[in-house]
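Engineer: Sequence:
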Amino acid sequence: MSRNNAGLSAERIIAEALRIIDGMGLRSLTMRRLGDALQVEAMAIYHHFPLGKEQLFGAIVEYISDPGRAAGEAAPPDGEDDGAAEEPEADARPWDERLRDWAHDYRAALLRHSGALPLMIHRRPDTATALRSTELHYAAFAEAGLAPASVPAAAAALDSYVVGAVVHQVRSEGLPSREPAAIDRRFPTVAALRGTGPGPDHAFTTGLDALLRGLCGGPG
Numbered sequence: 001m002s003r004n005n006a007g008l009s010a011e012r013i014i015a016e017a018l019r020i021i022d023g024m025g026l027r028s029l030t031m032r033r034l035g036d037a038l039q040v041e042a043m044a045i046y047h048h049f050p051l052g053k054e055q056l057f058g059a060i061v062e063y064i065s066d067p068g069r070a071a072g073e074a075a076p077p078d079g080e081d082d083g084a085a086e087e088p089e090a091d092a093r094p095w096d097e098r099l100r101d102w103a104h105d106y107r108a109a110l111l112r113h114s115g116a117l118p119l120m121i122h123r124r125p126d127t128a129t130a131l132r133s134t135e136l137h138y139a140a141f142a143e144a145g146l147a148p149a150s151v152p153a154a155a156a157a158l159d160s161y162v163v164g165a166v167v168h169q170v171r172s173e174g175l176p177s178r179e180p181a182a183i184d185r186r187f188p189t190v191a192a193l194r195g196t197g198p199g200p201d202h203a204f205t206t207g208l209d210a211l212l213r214g215l216c217g218g219p220g
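Residue numbers (the UniProt record's numbering): 1 to 220.
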């Protein structure tokens, strides 16, 4: 492929950018490195992201925030919303099943691209993708019987739980500090319970069930 070939799509650029982030870290993503990976001049990327890296970062957040799309399911051409204000199709599954599936899928997407987590923190969730998730949450919690005034807080708690669980897992699996503290008699409870906890998957599911029960008395 010619390095001047601009036959790219936004979706392909995002996917390659994530491969760089996943493999080398967020700081390693530069437009030049991305162009080399795509075998095009870096300027070809600006055809799809004319505002540069910050616009690309926003598109990456949009991509990860849509768990189905991040898993490789169908998406609009070039990864862009088609702008149509169509009525969403009704989901006949029980409210708690919809929320559990979203939580597990979103967790998987965040873990798959954990190097991009800093991008998720500093961008307001006001995109079409984020609002689709909010709509799913609000509708499910309303169906569960929560009062309208309680729905936004319940949705925020669910989102916070998923993101927090991912951060906790990534941090626990990260590099140790340069001077790790010994788990000795200064921390008797930590020492007694060390190694007794469940694995991250089981812990996440158990915590998710407890959260939903606490919020709405749901099954599980």
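Quick caveat, the hints were computed from the structure, so don't treat them as lab data.
Backbone N, C-alpha and C fix where the C-beta goes; we use that ideal spot for every residue, glycine too.
There could be a bad hint or two in this list.
[Stated by the list, open to error] Pairwise CB distance ranges (calculated):
{"hint": "1", "residue 1": "A92", "residue 2": "A203", "range": "44 to 52 Å"}
{"hint": "2", "residue 1": "T205", "residue 2": "R19", "range": "25 to 33 Å"}
{"hint": "3", "residue 1": "R213", "residue 2": "D36", "range": "49 to 57 Å"}
{"hint": "4", "residue 1": "L111", "residue 2": "R178", "range": "21 to 29 Å"}
{"hint": "5", "residue 1": "G145", "residue 2": "E179", "range": "17 to 25 Å"}
[Stated by the list, open to error] The list that follows gives simulated cross-link-like pairs (lysine to any residue, SDA-like), each with its CA atoms no further than 25 Å apart:
{"hint": "6", "residue 1": "K53", "residue 2": "T129"}
{"hint": "7", "residue 1": "K53", "residue 2": "L18"}
{"hint": "8", "residue 1": "K53", "residue 2": "A42"}
{"hint": "9", "residue 1": "K53", "residue 2": "M120"}
{"hint": "10", "residue 1": "K53", "residue 2": "R123"}
{"hint": "11", "residue 1": "K53", "residue 2": "R19"}
{"hint": "12", "residue 1": "K53", "residue 2": "A15"}
{"hint": "13", "residue 1": "K53", "residue 2": "L131"}
Engineer: Going back to the hint list, which numbers does this structure go against?
Structural biologist: When the structure is compared with the hints, numbers 1, 5 turn out to be violated.
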